[in-house]
Amino acid sequence: MPIITLQYDDMENLTRADRDTIIDRVPMIGADIERVEKESIDIEFFPDRPDLYSVEGVARAMRGFLDIEKGLCEYEVTPSDIKITLDKDIEDIRPVLGCAIVRGVRFDTNSIKSLMDLQEDLHWGLGRDRKKVSIGVHDMANIKAPFRYLAADPDFEFIPLDFTEPMSMRDILEKHPKGVGFAHLVEGFDKYPLILDANDNVLSFPPIINGNLTRVEESTTDLFIDVTGLADAVYTSLNIVVTSLAERGGKVESVKIMMPDGSTKITPDLTPRVHKVTRQEVVSLLGIDLSMDEIVTQLEKMRFGIRKIDGEILEVEIASYRADILNIDDIIEDIAIGYGYENIVPDFPKSSTVGKAHEISIARTAMREIMVGLGYSEVMPFTLTSERVHFEWMCRDSTDDVTPVLHPISEDQTMLRTTILPNLMEILSMNQHRELPQRIFEVGEVVVNINNRRHLAAVSIHPQANFTEVRELVDAMMRERMVDYEVVESQDTAFMEGRRADILVDGEKVGVMGEFYPEVVTNFGLGQPVVGFEIDIKV
Amino acid sequence: MGAQYNLTTNDKNVLLALDEFSSSATPQELAKESLLKIETAMQSAYLLAEVGLARVDEELIETYLLTAEGIECAKDGLPERQIIDAISEPTSIDDLKQRLSPNMVGIATGWLRRKGWANIDKGMIVPTGNSDMGNDEIVLELFKEHAQTIDELGADKKIVTDLIKRKLVSKHEKKHRLISITDAGKAFIAEGIVIEDEITQITSELLKSGEWKNKNFRPYNINTKPKPVYGAKTHPYQRLIDQMRQIFLEMGFTEIKGDIVQSSFWNFDALFQPQDHPAREMQDTFHLSSTSELPSEYTDNVRAMHEHGGDTDSTGWGGKWSEEIAGKNVLRTHTTAVTIKYLADNPQAPVKAFCIDRAYRRETIDPTHTPEFEQLEGVVMDENMSFANLLGCLAEFYHRMGFEDVRFRPGYFPYTEPSVEPEVYVEGMGWVELGGAGVFRKEVTEPLGIKHPVLAWGLGVSRVAMLKLGLRDLRELYQSDIDWLRKSEVCEL
Numbered sequence: 285m286p287i288i289t290l291q292y293d294d295m296e297n298l299t300r301a302d303r304d305t306i307i308d309r310v311p312m313i314g315a316d317i318e319r320v321e322k323e324s325i326d327i328e329f330f331p332d333r334p335d336l337y338s339v340e341g342v343a344r345a346m347r348g349f350l351d352i353e354k355g356l357c358e359y360e361v362t363p364s365d366i367k368i369t370l371d372k373d374i375e376d377i378r379p380v381l382g383c384a385i386v387r388g389v390r391f392d393t394n395s396i397k398s399l400m401d402l403q404e405d406l407h408w409g410l411g412r413d414r415k416k417v418s419i420g421v422h423d424m425a426n427i428k429a430p431f432r433y434l435a436a437d438p439d440f441e442f443i444p445l446d447f448t449e450p451m452s453m454r455d456i457l458e459k460h461p462k463g464v465g466f467a468h469l470v471e472g473f474d475k476y477p478l479i480l481d482a483n484d485n486v487l488s489f490p491p492i493i494n495g496n497l498t499r500v501e502e503s504t505t506d507l508f509i510d511v512t513g514l515a516d517a518v519y520t521s522l523n524i525v526v527t528s529l530a531e532r533g534g535k536v537e538s539v540k541i542m543m544p545d546g547s548t549k550i551t552p553d554l555t556p557r558v559h560k561v562t563r564q565e566v567v568s569l570l571g572i573d574l575s576m577d578e579i580v581t582q583l584e585k586m587r588f589g590i591r592k593i594d595g596e597i598l599e600v601e602i603a604s605y606r607a608d609i610l611n612i613d614d615i616i617e618d619i620a621i622g623y624g625y626e627n628i629v630p631d632f633p634k635s636s637t638v639g640k641a642h643e644i645s646i647a648r649t650a651m652r653e654i655m656v657g658l659g660y661s662e663v664m665p666f667t668l669t670s671e672r673v674h675f676e677w678m679c680r681d682s683t684d685d686v687t688p689v690l691h692p693i694s695e696d697q698t699m700l701r702t703t704i705l706p707n708l709m710e711i712l713s714m715n716q717h718r719e720l721p722q723r724i725f726e727v728g729e730v731v732v733n734i735n736n737r738r739h740l741a742a743v744s745i746h747p748q749a750n751f752t753e754v755r756e757l758v759d760a761m762m763r764e765r766m767v768d769y770e771v772v773e774s775q776d777t778a779f780m781e782g783r784r785a786d787i788l789v790d791g792e793k794v795g796v797m798g799e800f801y802p803e804v805v806t807n808f809g810l811g812q813p814v815v816g817f818e819i820d821i822k823v
Numbered sequence: 003m004g005a006q007y008n009l010t011t012n013d014k015n016v017l018l019a020l021d022e023f024s025s026s027a028t029p030q031e032l033a034k035e036s037l038l039k040i041e042t043a044m045q046s047a048y049l050l051a052e053v054g055l056a057r058v059d060e061e062l063i064e065t066y067l068l069t070a071e072g073i074e075c076a077k078d079g080l081p082e083r084q085i086i087d088a089i090s091e092p093t094s095i096d097d098l099k100q101r102l103s104p105n106m107v108g109i110a111t112g113w114l115r116r117k118g119w120a121n122i123d124k125g126m127i128v129p130t131g132n133s134d135m136g137n138d139e140i141v142l143e144l145f146k147e148h149a150q151t152i153d154e155l156g157a158d159k160k161i162v163t164d165l166i167k168r169k170l171v172s173k174h175e176k177k178h179r180l181i182s183i184t185d186a187g188k189a190f191i192a193e194g195i196v197i198e199d200e201i202t203q204i205t206s207e208l209l210k211s212g213e214w215k216n217k218n219f220r221p222y223n224i225n226t227k228p229k230p231v232y233g234a235k236t237h238p239y240q241r242l243i244d245q246m247r248q249i250f251l252e253m254g255f256t257e258i259k260g261d262i263v264q265s266s267f268w269n270f271d272a273l274f275q276p277q278d279h280p281a282r283e284m285q286d287t288f289h290l291s292s293t294s295e296l297p298s299e300y301t302d303n304v305r306a307m308h309e310h311g312g313d314t315d316s317t318g319w320g321g322k323w324s325e326e327i328a329g330k331n332v333l334r335t336h337t338t339a340v341t342i343k344y345l346a347d348n349p350q351a352p353v354k355a356f357c358i359d360r361a362y363r364r365e366t367i368d369p370t371h372t373p374e375f376e377q378l379e380g381v382v383m384d385e386n387m388s389f390a391n392l393l394g395c396l397a398e399f400y401h402r403m404g405f406e407d408v409r410f411r412p413g414y415f416p417y418t419e420p421s422v423e424p425e426v427y428v429e430g431m432g433w434v435e436l437g438g439a440g441v442f443r444k445e446v447t448e449p450l451g452i453k454h455p456v457l458a459w460g461l462g463v464s465r466v467a468m469l470k471l472g473l474r475d476l477r478e479l480y481q482s483d484i485d486w487l488r489k490s491e492v493c494e495l
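Chains B and G supply the protein sequences, listed in that same order. Under our numbering, think of the first position of the first sequence as 285, with each following residue one higher. Under our numbering, think of the first position of the second sequence as 3, with each following residue one higher.
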C-alpha cells in the first residue's frame with residue numbers, strides 16, 4: 285500500500301490545523317502512521333482511497349474531519365478551446381483518454397514532489413502498474429494545440445524524457461529504463477500509442493514515457509495533463525490529479541476530446557455523482573440510532589454534498605475524486621467514520637445458537653491424547669515440502685497424487701505433502717544436538733489429489749529403537765481407537781525389508797509402520813535407528 | 003537428645019567409624035572402617051559435616067607415576083646401568099651402538115660420566131669401577147607403577163624432578179579428602195548411639211508380613227535438587243489454538259473445515275475480489291495447474307456482480323469476468339474461502355461459525371513471515387445484524403482472549419464494508435493491531451443468496467502466538483526445537 289510522506293509545514297498550511305491535532309486524528313479517518321520524523325510524517329493510506337495519496341487530498345479530507353470546512357469541495361472548471369483528436373487506430377490498443385489543463389500553478393520543491401509521488405501512487409493504486417491507467421503531466425510552454433492521440437509506427441523517433449538524442453519507440457522499449465520496465469504493456473501491438481502536438485512534437489508515448497520537450501520544472505506554470513488507459517478509472521485518476529492541483533490554487537480548464545465517431549467528450553468532468561441514502565439503511569447497517577441531522581453532519585464532515593433532504597431520504601453528492609464508492613454501504617461506512625468508531629457502543633448479538641466442534645477436531649484431539657499418553661510430543665510442521673525430502677530422502681518412488689505449486693518460492697517448498705513422516709524425519713534432523721530418546725508425532729492434514737486427508741504419524745529415535753517398539757505403539761494406538769486391524773508384509777521402501785508392515789483395516793491399507801531403511805536415516809543426517817508409523821485416520 | 007541431628011543408620015556408623023581414627027581418615031579408610039561403599043560413606047560424611055559432627059577437608063595432593071619409559075627402566079634398569087653392567091673393560095661407543103640401540107647408548111654416555119661410573123676417552127667408554135646403586139634407582143624401585151607422593155617415596159624432591167626431566171616419571175594432581183570427627187561428634191557419641199536397622203525400599207514382603215511396623219525407614223534428604231524430567235505434551239501452539247476454539251464454542255459458534263486447495267472462484271471471485279487484483283497474481287498466491295468446476299448455481303450471479311453490480315445499486319468492477327480465471331485452483335490464501343462457501347451452503351439464519359486453519363501466501367520465509375500460517379475467522383449471519391453488533395463480537399472475543407483493552411479504527415478489506423481494524427493494548431508494546439473485521443459487502447452476499455448481514459472477523463493466530471509465547475521467530479512454531487517443546491510449560495497460556 286502506498287506510504288505518503290507529509291511535510292508538516294505544507295500539511296499545516298493546507299489543512300489550517302496544527303500538526304499534533306492532525307497526527308492525533310488522522311488514524312481515525314482510516315490510515316496507519318508508519319513513522320513520525322522531525323519534519324515530516326509517513327502515513328499509509330488504504331488502497332481504496334487514492335484521493336488521499338497526496339498532501340492536498342489528505343488536507344482536504346482532514347479539513348472536513350476536523351470541522352474546519354464541511355460539505356462537498358467544489359472546483360471551477362473553465363471551458364478552453366483546446367482540442368485533442370482520438371484516432372480510430374488507438375481504440376484497439378489503449379482506448380480511454382482524459383485530459384485537462386491547469387494554469388497558474390506555482391511549484392516549489394514540496395509541491396512538485398507531491399505531484400510526482402501522486403502520479404506514481406495512482407499508477408500503482410488505480411492503474412495496476414500503468415496497465416489500466418497512466419498519467420502524463422506536461423509543461424505547456426513548448427507545445428501547440430490541437431493535439432492528437434494516435435497509434436504510431438514503432439520506428440517513429442523522438443527524444444524521451446531524461447535523454448538528449450532521438451530514439452525510435454522500438455528502441456525506447458529496448459533501451460530506456462522505463463521502456464524496458466513497461467514494454468510488456470504494449471507487447472503484441474504493431475503500433476504504439478502516441479500523443480503529438482500540432483507540429484508533431486511528442487508529448488508522450490503512453491503508458492511508457494513522456495517526451496523530453498514537456499519536462500515539468502519548478503518554473504512551470506501551465507500544465508497539460510493526459511491520462512490514458514483501459515477503464516473508467518482513467519477519469520477518476522484525472523479528477524484526483526486536477527483537484528489536487530486546484531487545492532494549491534491552480535485554475536482548471538477543460539479539454540475537448542474529438543472521438544473517431546464524430547462525437548465529443550469534455551474532460552475533466554468534476555460533476556458529483558448522486559446517490560440516494562435512507563435513514564433506515566444507515567441505522568440498520570450501523571446499529572446506531574442516528575437522526576437525519578446527525579447523518580447530514582457526518583456526511584458533510586466526510587466531504588459529501590447534500591443535494592436534497594426529503595423526510596428520511598437523502599440525495600448525497602459524491603465527489604468526483606472518490607474511487608471507493610461502489611454502493612450505499614461505502615457511504616454508510618463514511619458516516620460511521622465521521623461519527624467516530626470510538627463512539628459506537630459495542631453490542632453483542634443476541635442470536636441464540638449452540639456451539640459445535642467439527643468431527644475432525646474431535647478426532648484430532650483424541651489422537652493427541654492417545655499419543656501424548658504413549659510418551660510422544662506433538663509437532664506441527666509445514667505442509668509444503670519438496671520432492672527431494674518427500675521422495676528421494678525417503679527412498680520412495682514419486683507418486684502421481686501430489687499437488688505441485690506452479691511457481692515455488694524456494695526449492696524447499698515445491699509441493700503439498702501427501703505423507704507426514706518426511707516432515708517428522710526433518711524435525712529429528714534439526715534436533716540432532718538434543719537428548720535422546722526423541723519421540724514425536726503429528727496429527728495433521730495432507731493433500732492427496734487436491735483433497736485434504738487427515739493422517740497420524742509418529743517417529744522414535746534412540747539407540748535401541750526397533751520394530752518391536754513401533755509394533756507395540758501401533759497396537760496400543762489402534763486399541764485406543766477401538767479399530768480392529770491386521771498387518772501384512774509391506775513393500776514400502778522407506779523401511780527395512782523384514783521390519784516393515786502395512787496396516788490393514790477391513791482389508792484396506794490405511795497405513796504403514798517399520799524400522800526406517802538405514803539410507804533414509806542417513807539421508808536425514810541421523811546417526812541412530814529410527815522407527816515410525818503413519819496412518820490415515822479416515823475422518 | 004541427638005534426635006535433633008536426625009541421623010540415619012549409615013550416618014551413625016560413619017560417625018562411629020571416624021571415632022576410631024586418631025586424626026583423620028581418607029574416604030577409602032572410612033569406607034573400610036564403616037563397612038559401607040565409598041560413595042555412601044562420603045554422602046554421610048558430608049551430611050555429618052553439614053550438621054557440625056564431622057569435618058571434610060579437601061586438599062590437593064601431588065602424586066607421581068611412572069611413564070611407559072619409566073616402567074621399562076624400572077624393569078630393565080636405567081640405560082647407564084644396562085651399559086655399565088654389559089662392559090668390564092674400555093669399549094668403543096661405536097661397538098656398543100652396534101650391540102645395543104644407538105639411542106640408548108647416546109642417553110647412557112652422558113649419565114655414565116655425570117654419575118662418575120665411566121670416563122669417555124677417544125670414543126671409548128672406560129669404566130671407573132665405581133657404580134653403586136644411585137638414589138634415583140632406589141626411587142624407581144619404589145614406584146612399582148602405583149602413584150606415589152613424595153612422602154611415601156621418602157625421596158628428595160630433586161631426585162624425582164630429575165626423573166621427570168628424563169620423562170620417566172609424570173606428575174599428577176589429585177583432590178584428596180580427609181574426614182575427621184569434631185568435638186561435637188565426640189560429645190554426641192559419648193551420649194550413646196543406638197544403631198537400628200533401617201529400611202530404604204518398602205517391599206511387598208514387608209507389607210504382607212506387617213514387619214514394617216518394627217522397622218525404621220531411612221529418611222531422604224528432601225533438599226536434594228531433583229534431576230529435571232520432561233513429559234510428552236501437546237504443542238504449545240496447538241494449546242493456544244484449542245483455547246481459541248474453546249472461546250468460539252463457548253460463544254455458540256459451529257466449527258467448520260475445508261480443503262487447502264480451493265478454486266479462485268471461492269478464494270477470490272465469490273469475495274468480490276476483482277480478477278485483475280494484484281493479490282491474485284503469481285507473486286502473492288500459490289497457483290496450481292489444476293482447475294475446478296464452477297458452482298453453476300452461483301456463476302451467473304457472480305459474473306453479473308463483477309461486471310455491473312448485478313441487481314444491486316453497486317457499480318461492480320466493469321470489464322469482462324472470466325470463468326477460466328475463476329476456475330483456476332490455488333492454495334487458499336485465507337480461510338474466508340471456506341467460510342463463504344459454508345454461508346452459501348447454509349443460508350438459513352442464524353449462522354455463527356468459525357474456522358481456524360492454515361492459509362498459504364507466497365512469502366519468503368523470515369522471522370515474521372512464513373508461507374503457511376494459521377488463520378482464525380468468525381462469522382455471524384442473522385437478521386438485523388449491524389456494525390455495532392460486530393464491534394460487540396470483537397470486544398467479547400478479544401476480552402476472552404485475555405486482552406482487556408480493545409479499541410477500533412477504520413480499516414480496509416476488499417470484501418467488507420464497513421471495515422474495522424481492532425487494536426489491543428499489550429504491556430510494553432502499546433496498541434497492537436490484531437486482525438481485521440467488517441460486514442460482508444452486498445456484492446459478496448447477494449450473488450450467493452445470503453439474505454442477511456454477515457459480520458466477519460479474522461486474525462493471524464501466529465501473531466497471537468508470538469505475543470503470548472514470547473516468540474521472536476515464527477519458524478519456531480513449525481520447525482520446533484525439541485528442547486523448547488520439552489521445557490515449554492503447559493500452564494504458560
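Hints in this document: simulated from the structure, not taken from any laboratory. C-beta: ideal position from N, C-alpha, C; glycine also. Warning: the hint list may mix true and false statements.
A few chain B residues facing chain G, derived, Cβ under 8 Å [unchecked claim]:
| hint | residue |
| --- | --- |
| 1 | Ile317 |
| 2 | Thr448 |
| 3 | Asp516 |
| 4 | Leu570 |
| 5 | Leu574 |
| 6 | Asp631 |
| 7 | Val638 |
| 8 | Ile644 |
| 9 | Ala647 |
| 10 | Val663 |
| 11 | Leu700 |
| 12 | Ser713 |
| 13 | Val732 |
| 14 | Gln748 |
| 15 | Phe751 |
Interface hint compliance - Leu570/B to chain G, C-beta minimum distance less than 8 Å
For Leu570/B, the interface hint holds, since the closest Cβ of chain G sits about 5 Å away, which is under 8 Å.
Restraint check, 8 Å cut-off on beta carbons, for Ile644/B near chain G:
holds (5 Å)
Just to be careful: measuring from the Cβ of Leu574/B to every Cβ in chain G, is the smallest value less than 8 Å?
Since chain G brings no Cβ nearer than about 11 Å to Leu574/B, farther than 8 Å, the hint is violated.
With chain G as the partner, please determine if Ser713/B meets the hint condition of a C-beta pair closer than 8 Å.
violated (10 Å)
Restraint check, 8 Å cut-off on beta carbons, for Phe751/B near chain G:
violated (21 Å)
Please verify that hint: Asp516/B, Cβ, nearest Cβ of chain G, below 8 Å or not.
Result: holds, 6 Å to nearest chain G Cβ.
Can Val638/B be said to touch chain G, with a Cβ gap under 8 Å?
holds (6 Å)
May I ask you to test the interface hint for Ile317/B with respect to chain G, counting a Cβ-Cβ separation under 8 Å as satisfied?
violated (11 Å)
Closer than 8 Å between Cβ atoms is the bar; does Gln748/B clear it against chain G? Give me holds or violated.
With a minimum Cβ separation of about 18 Å from chain G (threshold 8 Å), the hint on Gln748/B is violated.
Would the hint on Val732/B be counted as holding, given a Cβ-Cβ threshold of 8 Å to chain G?
violated (10 Å)
Using 8 Å as the Cβ threshold, decide whether Val663/B counts as touching chain G.
At 5 Å from the nearest chain G Cβ, Val663/B passes the 8 Å test, so the hint holds.
Given Thr448/B was flagged as interface, is its beta-carbon under 8 Å from a beta-carbon of chain G?
violated (36 Å)
When the structure is compared with the earlier hints, violations turn up for hints 1, 2, 5, 9, 12, 13, 14, 15 and for no others.
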